[in-house]
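**Q** These are the residues of each chain, in order.
2 protein chains.
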Amino acid sequence: MMIKSCDRLVMIILILILFSAANLFEISLASAFDQNKNFQWEVDYIFRSPDCVENVVMGINGQFPGPTIRAKAGDTITVNLTNNLRTEGVVIHWHGIKQFGTPWADGTASISQCAINAGEYYVYTFKVDKAGTYFYHGHFGMHRSAGLYGSLIVDVADGLKEPFHYDGEFNLLLSDWWHQNVHEQAVALESNPFRWIGEPQSILINGRGQYNCSLAAQFNNTSGACSIGKDAQCAPDVLKVLPNKTYRLRIASATSLSSLNLAIGNHKMTLVEADGNYIEPVTVDNLDIYSGESYSVLFTTDQDPTKNYWISASVRGRLPKTPPGLTILNYQPNSPSSLPTSPPPIPPAWNDFNASKSFSNKILALQGSLVPRPPPRYNRRIFLLNTQNKINGIIKWSLNNISLVLPPTPYLGALKYGLDGKAFDKQNPPENFPRDYDIMKPPVNPNSSYGNGVYRFEFRSTVDVILQNANILAEGQSDVHPWHLHGHDFWILGYGEGKFTEERDEKNLNLKNPPLRNTVVIFPYGWTAIRFIANNPGAWAFHCHIEPHLHMGMGVVFVEGINQIKKMNIPDTALTCGLTGKLLVHNRGRG
Amino acid sequence: MMIKSCDRLVMIILILILFSAANLFEISLASAFDQNKNFQWEVDYIFRSPDCVENVVMGINGQFPGPTIRAKAGDTITVNLTNNLRTEGVVIHWHGIKQFGTPWADGTASISQCAINAGEYYVYTFKVDKAGTYFYHGHFGMHRSAGLYGSLIVDVADGLKEPFHYDGEFNLLLSDWWHQNVHEQAVALESNPFRWIGEPQSILINGRGQYNCSLAAQFNNTSGACSIGKDAQCAPDVLKVLPNKTYRLRIASATSLSSLNLAIGNHKMTLVEADGNYIEPVTVDNLDIYSGESYSVLFTTDQDPTKNYWISASVRGRLPKTPPGLTILNYQPNSPSSLPTSPPPIPPAWNDFNASKSFSNKILALQGSLVPRPPPRYNRRIFLLNTQNKINGIIKWSLNNISLVLPPTPYLGALKYGLDGKAFDKQNPPENFPRDYDIMKPPVNPNSSYGNGVYRFEFRSTVDVILQNANILAEGQSDVHPWHLHGHDFWILGYGEGKFTEERDEKNLNLKNPPLRNTVVIFPYGWTAIRFIANNPGAWAFHCHIEPHLHMGMGVVFVEGINQIKKMNIPDTALTCGLTGKLLVHNRGRG
Numbered sequence: 001m002m003i004k005s006c007d008r009l010v011m012i013i014l015i016l017i018l019f020s021a022a023n024l025f026e027i028s029l030a031s032a033f034d035q036n037k038n039f040q041w042e043v044d045y046i047f048r049s050p051d052c053v054e055n056v057v058m059g060i061n062g063q064f065p066g067p068t069i070r071a072k073a074g075d076t077i078t079v080n081l082t083n084n085l086r087t088e089g090v091v092i093h094w095h096g097i098k099q100f101g102t103p104w105a106d107g108t109a110s111i112s113q114c115a116i117n118a119g120e121y122y123v124y125t126f127k128v129d130k131a132g133t134y135f136y137h138g139h140f141g142m143h144r145s146a147g148l149y150g151s152l153i154v155d156v157a158d159g160l161k162e163p164f165h166y167d168g169e170f171n172l173l174l175s176d177w178w179h180q181n182v183h184e185q186a187v188a189l190e191s192n193p194f195r196w197i198g199e200p201q202s203i204l205i206n207g208r209g210q211y212n213c214s215l216a217a218q219f220n221n222t223s224g225a226c227s228i229g230k231d232a233q234c235a236p237d238v239l240k241v242l243p244n245k246t247y248r249l250r251i252a253s254a255t256s257l258s259s260l261n262l263a264i265g266n267h268k269m270t271l272v273e274a275d276g277n278y279i280e281p282v283t284v285d286n287l288d289i290y291s292g293e294s295y296s297v298l299f300t301t302d303q304d305p306t307k308n309y310w311i312s313a314s315v316r317g318r319l320p321k322t323p324p325g326l327t328i329l330n331y332q333p334n335s336p337s338s339l340p341t342s343p344p345p346i347p348p349a350w351n352d353f354n355a356s357k358s359f360s361n362k363i364l365a366l367q368g369s370l371v372p373r374p375p376p377r378y379n380r381r382i383f384l385l386n387t388q389n390k391i392n393g394i395i396k397w398s399l400n401n402i403s404l405v406l407p408p409t410p411y412l413g414a415l416k417y418g419l420d421g422k423a424f425d426k427q428n429p430p431e432n433f434p435r436d437y438d439i440m441k442p443p444v445n446p447n448s449s450y451g452n453g454v455y456r457f458e459f460r461s462t463v464d465v466i467l468q469n470a471n472i473l474a475e476g477q478s479d480v481h482p483w484h485l486h487g488h489d490f491w492i493l494g495y496g497e498g499k500f501t502e503e504r505d506e507k508n509l510n511l512k513n514p515p516l517r518n519t520v521v522i523f524p525y526g527w528t529a530i531r532f533i534a535n536n537p538g539a540w541a542f543h544c545h546i547e548p549h550l551h552m553g554m555g556v557v558f559v560e561g562i563n564q565i566k567k568m569n570i571p572d573t574a575l576t577c578g579l580t581g582k583l584l585v586h587n588r589g590r591g
Numbered sequence: 001m002m003i004k005s006c007d008r009l010v011m012i013i014l015i016l017i018l019f020s021a022a023n024l025f026e027i028s029l030a031s032a033f034d035q036n037k038n039f040q041w042e043v044d045y046i047f048r049s050p051d052c053v054e055n056v057v058m059g060i061n062g063q064f065p066g067p068t069i070r071a072k073a074g075d076t077i078t079v080n081l082t083n084n085l086r087t088e089g090v091v092i093h094w095h096g097i098k099q100f101g102t103p104w105a106d107g108t109a110s111i112s113q114c115a116i117n118a119g120e121y122y123v124y125t126f127k128v129d130k131a132g133t134y135f136y137h138g139h140f141g142m143h144r145s146a147g148l149y150g151s152l153i154v155d156v157a158d159g160l161k162e163p164f165h166y167d168g169e170f171n172l173l174l175s176d177w178w179h180q181n182v183h184e185q186a187v188a189l190e191s192n193p194f195r196w197i198g199e200p201q202s203i204l205i206n207g208r209g210q211y212n213c214s215l216a217a218q219f220n221n222t223s224g225a226c227s228i229g230k231d232a233q234c235a236p237d238v239l240k241v242l243p244n245k246t247y248r249l250r251i252a253s254a255t256s257l258s259s260l261n262l263a264i265g266n267h268k269m270t271l272v273e274a275d276g277n278y279i280e281p282v283t284v285d286n287l288d289i290y291s292g293e294s295y296s297v298l299f300t301t302d303q304d305p306t307k308n309y310w311i312s313a314s315v316r317g318r319l320p321k322t323p324p325g326l327t328i329l330n331y332q333p334n335s336p337s338s339l340p341t342s343p344p345p346i347p348p349a350w351n352d353f354n355a356s357k358s359f360s361n362k363i364l365a366l367q368g369s370l371v372p373r374p375p376p377r378y379n380r381r382i383f384l385l386n387t388q389n390k391i392n393g394i395i396k397w398s399l400n401n402i403s404l405v406l407p408p409t410p411y412l413g414a415l416k417y418g419l420d421g422k423a424f425d426k427q428n429p430p431e432n433f434p435r436d437y438d439i440m441k442p443p444v445n446p447n448s449s450y451g452n453g454v455y456r457f458e459f460r461s462t463v464d465v466i467l468q469n470a471n472i473l474a475e476g477q478s479d480v481h482p483w484h485l486h487g488h489d490f491w492i493l494g495y496g497e498g499k500f501t502e503e504r505d506e507k508n509l510n511l512k513n514p515p516l517r518n519t520v521v522i523f524p525y526g527w528t529a530i531r532f533i534a535n536n537p538g539a540w541a542f543h544c545h546i547e548p549h550l551h552m553g554m555g556v557v558f559v560e561g562i563n564q565i566k567k568m569n570i571p572d573t574a575l576t577c578g579l580t581g582k583l584l585v586h587n588r589g590r591g
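Chains A and B, in that order, give the protein sequences. Going by UniProt numbering, the first sequence opens with residue 1, and the numbers climb by one from there. Going by UniProt numbering, the second sequence opens with residue 1, and the numbers climb by one from there.
Heads up, a few of these hints could be off.
As the list claims (entries may be wrong) - Simulated crosslink set (BS3-like; lysine-lysine; CA at most 30 Å straight-line):
1) K582(B) <-> K426(A)
2) K582(B) <-> K422(A)
3) K422(A) <-> K37(B)
4) K161(A) <-> K512(A)
5) K426(A) <-> K567(A)
6) K161(B) <-> K362(B)
Since the hints were derived computationally from the structure, they do not count as laboratory data.
One chain only, chain A, in its complex shape (with noise of 0.2 Å):
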């Protein structure tokens, strides 16, 4: 392991220091260092092969994935994103950038902000509060499918030291790629009877993968070697390593739906950041990792150096139907065009489901005190139940039997102008779920509503969800779902098997050292439980970050610190559209 103790403690001692008056999570870290980093950029759809089938991608000023954006914890990020989109409106989330007041930048569109119209531009300003690997995408319609991502790393501020040593790093981000486009995609998954997008054709890594071809053809029988010139779009992106050195290896995982698992031929991995957290260093062959996570993985380059290495990216979790998503690991001075000598790493068996159960429960947070603790206490606890229900014979996900559709107004501005129940369902969403309900089978009425009421919380309270799989309408199936939430961090108490139930469970809950974490996989037929502190005033998405899932209405709604909303000066741009923006105009009348 290459954490130098040394370094650590004497950042512990300055993160005490200036931490002593301040609350974790509730007031970002601003230093001498702190600076403002400013883009410019532009949406629009772009031909691209990122797969060697050229398609219409969406790039950000003509590139795909978008630019990377790489600032020090404390900055102040500023993107001025213009939609030159023709007819489309278009939002930037920035996947587990807390938003402390800030939060009509998190970027959901009927959350947070108005999509921006095509032809106009929204001013993203927010403080990148904590080191780590995050990304951002779309979250508007299915503009993550249609390849709006990039991604977006956060070193520690000046002065101050990761908790582990490196020579040097590489950024991977992963991705899922269909032909058909997302307006295709997205009138199929409401289409009765329904058609599903079926599994992606390609697996991107970095926005580059290699359809009905493979670089690994010498391993294998199922299709052609690739050709393809090094300045091809889908050209792989070749890590250069030298030999006997430490890397880190930042991952995000921005797939549509594929659940993945990463390995590096050879080469074992020692995870040491999750989702913008540190975690106890784990030594792995390879790692699971879901829609909406990111992890930091250190790995030493001690094999043959003759030799380059295969570092792959495969489907778990589902049937896989796509080829691994391969790229090189190149020791210099070999060739990067040297192929690797051994076939690529072949992953646990997509259904088993042990071996990803074990793996997510060796994620645990660092020892000490760079990573906080959870209250030992919740003041609120509720279950979301997730069923595949049909309304009006279309199939649809729900949470306690209310398939999220969202409005037209946004939450935030609606809050603020006491637009409840008129801009959205007055009545808060049920809490639980009927006891005997049995998750083992296919619901017995199949049928859900639409609903968009929001699940409101006491300002500053811990809040506890049990997040409840279940068997889908198919009998004997219950199916992956990775649970992003927006605006906090929360820890990770458990999973287990089968219905959550306090008198057995309770008592195996983690409250030593959970993981803190913005996305969680929940298991098939099984339960996850999380914790968090509504510490965050603003409306917040939590949901299934399998992006059909939630055109499908797999989401809820969190709203906290609803005072604190109602005296925010949400910028006008966020708000020109539905209710708000008749309200405002009406207003004019009076002004």
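Place chain B on chain A using the hints.
**A** Just chain B now, kept in the frame of chain A:
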């Protein structure tokens, strides 16, 4: 001819009485019979096989083409349009309806209103002031190409009669159809190097065509016979007629690109209406119809009643790569599936522009007083030279070297709130082009500029526009462009060859019986002169009705009645975008 002179006389007298104190152009007819017609429409993408190939098309209430509106002159139409698209805005333009007093109902994004956001609605309320054959279509991005269109038929007011007789009527809405989705088409058109969208895959008649097969396969060897169930979405609309009757055929062209030639095998047609205005009856074997135009023809079922006959719509003016759209005139009681025994009508050669010009010159105003005559003199005359140009290497169309880019703030709202120079260019665009411009050659300096200034006309002044065609960027080519004016009909004073010169051409302009229309073609290397009265306060698009050409900048904006605009009570919902949205939100603080 079926025009009964007695009926006609009675009608003329009635109209003279009704109009005695009214300005035909400014006061819409109200009568005791006027009705309100209300429609609830929802726009959404749907799966549909317009030409036997499944695709995603824009539908209204699940229908493609959208529902036909049928009303009587004087009726007030209210369409509550809900946008069920997920990320796109939408508007609907009521093509040919002048919108006197309701310019915010013209349905042109960026001009008359803000596009309706996803999930929101807009209420179009407007009077249909004149009987005729109209249609409606999307007017945002390339939504017409996406299939957003339908028919709008206005009958004469109760108690009045058309100046011709018929026993029954049919309605044919013509369009062209691409398999490539419009988002890709739009990106292609903005690419460098330029990618032309190519010729359409199919010509549709009432939304129905046949790709890669032919109803008339026995007469050609190019494609196989279609095997289509009669309930298939691509089965032709069969016109069932009785022998020895006279029928009115209403024809409107919503094509994105194609100029068409329509013919009924073995039957002559008598033109009686063009764009909602009566024309002097003229009998033809076939008719040219450009995008944006409409006609009514009368035909008599005087042919061998034991047979069926083809109705064909063939591409004109561009080298046709698309087979004709076909449907069947079915003499009862013959089987509708009994195919005609002779080949489909043969249109004039695609590049026989003399035939086209000869046809266009035959269209003249109906004698008598049903169609008003133009003022003898103009107050202002502007020349619009259309050229193909480049801006930053991207191919554009320009008028007097300005390529129109629509602004995010609609002109109508911007003008009301005095945002000239902020919402759009303060400077008016040029009214002429250099005298020495050689229209027979590619532009010497191909570079052009983006712009969005407006032409401002004195209220109620008489305006002439000379549309001047020229050679495109490539040598030896000049294209056909059908120009459509919103908010007005205009008189077509004439068409001519080469560059318009007042010395030579002024005297040949037709001030006696020019046809009154809303769309007019400009022929290759030629000019077209029109006259209209700027009597409709509002901001009005005047543009090439070829959708990709408009997308590439081929349009201008006319403004008239600025004092009236400032006093208009524009609905709030037309204003909640761009600078009007921000201005109004900002005003809230001062309220």
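**Q** Which numbered hints turn out to be false for this structure?
**A** none
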